[in-house]
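K.L.:
No gaps in the numbering here: position 622 of the sequence shown is 621 in numbering that gives the first Met the number 0, and each next residue is one more.
Hints in this document: simulated from the structure, not taken from any laboratory.
Please read these numbers as outputs of a predicted model, since none were measured by experiment.
Be a bit skeptical, because a hint or two may be false.
Lysine-lysine pairs mimicking DSS-like chemistry, simulated, CA-CA at most 30 Å apart [to be verified]:
| id | residue 1 | residue 2 |
| --- | --- | --- |
| 1 | K405 | K519 |
| 2 | K329 | K49 |
| 3 | K305 | K405 |
| 4 | K624 | K585 |
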Amino acid sequence: MNPRLIAIAGPMEGSIFDLTEEEISVGRERSNQISINDASVSRRHLIIKKNERKFHVEDLGSHNGTRVNGLPVKERALNHGDFIAVGDSLFLFLTDDEEETTPEDPIRFYEDMPDTRTTVHLRLEDAIYLRPERLLSSLPATARMARDLNALLKISAAINSLRKSEDIKKRLLELTFEVMPAERGAILMSGDEERLAVSLHRNQSASEPIRISRTVVNQSIGEGVAVLINNISDEKEFSEVESLREARTQSLICVPLAVFEIVTGALYLDTAGASGFDENHLQLAAAIASIAALALENASHLEWLKSENRRLQDAIITERNMIGESAQMKEVYHFISRIAPSDSTVLICGESGTGKELAARAIHQNSARKDFPFIAINCAVLTDTLLESELFGHEKGAFTGAIAQKRGKLELAHTGTLFLDEVGELAPQLQAKLLRVLQEREFERVGGARPIKIDIRLIAATNRDLEEAIREGKFRQDLYYRLNVVRLTMPPLRQRRADIPLLATYFALKHSQRCKRMVKGLSAEAHACLRSYEWPGNVRELENAVERAVVLGSTDYILPEDLPEDLHERTVSAGIKYYEAVQEAKKRIVAGALDQASGNYAEAARLLGIHPNNLHRLIRKLEMKDELKK
0 MNPRLIAIAG PMEGSIFDLT EEEISVGRER SNQISINDAS VSRRHLIIKK NERKFHVEDL
60 GSHNGTRVNG LPVKERALNH GDFIAVGDSL FLFLTDDEEE TTPEDPIRFY EDMPDTRTTV
120 HLRLEDAIYL RPERLLSSLP ATARMARDLN ALLKISAAIN SLRKSEDIKK RLLELTFEVM
180 PAERGAILMS GDEERLAVSL HRNQSASEPI RISRTVVNQS IGEGVAVLIN NISDEKEFSE
240 VESLREARTQ SLICVPLAVF EIVTGALYLD TAGASGFDEN HLQLAAAIAS IAALALENAS
300 HLEWLKSENR RLQDAIITER NMIGESAQMK EVYHFISRIA PSDSTVLICG ESGTGKELAA
360 RAIHQNSARK DFPFIAINCA VLTDTLLESE LFGHEKGAFT GAIAQKRGKL ELAHTGTLFL
420 DEVGELAPQL QAKLLRVLQE REFERVGGAR PIKIDIRLIA ATNRDLEEAI REGKFRQDLY
480 YRLNVVRLTM PPLRQRRADI PLLATYFALK HSQRCKRMVK GLSAEAHACL RSYEWPGNVR
540 ELENAVERAV VLGSTDYILP EDLPEDLHER TVSAGIKYYE AVQEAKKRIV AGALDQASGN
600 YAEAARLLGI HPNNLHRLIR KLEMKDELKK
């Protein structure tokens with residue numbers, strides 16, 4: 000068990016903190032074990048406590064709260080792989096080692112390697128097993144060659160079935176020992192700073208380090224040549240090389256690992272046996288190294304893709320947390336925490352813009368499927384034909400334009416979660432096919448005849464009244480019952496007005512960073528304006544309004560005049576007469592300031608206490624340009 004926190008977003012991104020103490024405090028003060036220089040973090044934000052072998056996180060009444068996997072918590076047990084959000088920082092909690100650790104100091108380099116009369120160099124372009132035309136035309140077939148080719152086929156099949164670099168290296172050395180008289184072997188990768196990726200003794204109980212000539216390795220990697228040295232113990236020059244004398248090395252081979260003429264490392268073998276290696280062994284080792292190099296390159300690329308995918312998923316988590324501390328949202332968080340661990344189908348209802356997809360992602364992130372795909376598809380944006388192909392996939396030639404087989408969203412979501420947004424827009428024939436998927440957990444691609452089994456959790460969302468749609472004959476009742484196993488209704492923004500200031504401040508900071516314009520927040524008047532509006536577009540409309548204000552504003556704080564005009568005109572507390580009176584009052588104040596300033600706009604803006612740009616915008620909104628020209 001190796002408990003630790005890894006900062007994957009925020010001011011401390013990339014830092015790793017070992018959780019070796021019984022209690023770790025996190026906050027803005029320097030006295031905390033983990034001190035975060037971030038205004039969104041409270042002085043003492045949270046503590047992580049160890050109780051026997053279990054860890055718990057406890058929020059200390061912080062201003063912005065603590066979130067685990069996107070949900071706000073007061074206290075919660077932590078599991079391996081949980082995400083902890085603290086202000087603008089995101090930490091990954093890990094307890095298990097995900098990779099095997101290599102033995103400490105598995106190799107020992109020595110510097111001296113005098114030239115000997117029994118050194119053989121083989122350039123890769125001259126290796127017979129890497130040049131099939133030479134192998135078949137100019138060399139006689141022998142039993143040894145047949146055995147070597149069979150060994151290469153076995154090694155190729157074995158290592159190409161593996162996906163992790165460390166597994167490939169270890170298996171490669173094991174198979175090499177079966178066809179080569181080597182006693183010790185090692186695979187070194189360029190850029191490892193002389194650290195061995197994997198080393199192996201034929202006698203796997205041996206514990207002493209493998210002694211390797213740095214001179215030979217550098218020559219093999221630097222010049223791209225395979226090197227064979229025999230009769231090492233007979234050479235007088237080696238009598239002073241203590242490491243060789245202790246290892247009783249008689250013969251060694253070092254072959255470069257090259258992919259597309261780029262050397263990425265080396266395969267190193269040695270033996271104390273009297274017979275040693277011959278040139279046929281060198282040819283075979285060159286072929287083995289060529290097969291291994293490509294397999295290792297592919298595995299390394301796959302591991303990078305997985306790492307990049309995880310990084311992007313982490314970024315999504317930071318961007319897509321639900322925000323709100325109102326009683327309505329606390330009920331939503333509590334409900335999600337209860338339904339997330341199960342595999343039950345969930346139907347999320349609510350008006351457009353209330354955060355239904357965010358809720359679906361929170362359910363997925365807090366479930367046992369969180370390490371598997373979350374696949375979302377909007378049923379309202381595609382035609383019926385395209386939607387069927389997107390959802391179920393298609394076989395090659397299933398219809399015009401189907402030039403290749405395509406996997407659908409159902410297949411891609413296997414072992415994970417499929418989110419169907421706007422499920423109420425599904426056409427009747429697709430409703431029937433979806434019902435069969437939910438009943439049988441299998442489907443067929445468009446144009447296919449073979450059933451495909453899947454293991455998914457389905458989450459659906461709609462802003463329609465499905466019960467009314469059933470009465471109108473637009474939605475299947477049996478499908479509705481299959482979807483409506485667990486129902487979550489997202490509250491509209493007008494029903495949780497207490498969250499508007501928190502949401503608005505969050506969006507202001509978010510978009511100020513993207514727009515490269517520092518905004519400290521919203522003025523009290525702007526907050527009041529936002530709270531009094533009905534928000535028919537809910538949170539999505541609020542974010543758009545704040546983003547517009549950030550882009551168009553020119554002061555440190557967002558002012559009411561930075562907000563969209565529709566927001567002023569449709570404010571709940573502003574009746575038509577009241578609004579007209581306010582407009583007239585504003586006109587009189589602006590006209591009076593301009594008269595006092597003798598028409599100087601900059602001076603008038605100073606008298607009004609606003610920026611000149613805001614004064615010009617206010618004049619345009621009040622439609623005063625023509626009046627002022629008179």
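K.L.:
For every hint, state whether the structure bears it out.
P.N.:
How the hints compare with the structure:
1. K405 <-> K519: At roughly 48 Å apart (the allowed maximum being 30 Å), K519 and K405 break the hint.
2. K329 <-> K49: holds, 27 Å
3. K305 <-> K405: OK: K305 and K405 at ~22 Å, within 30 Å.
4. K624 <-> K585: Cα-Cα ~14 Å, so holds.
Going down the numbered hints, you'll see the structure goes against just number 1.
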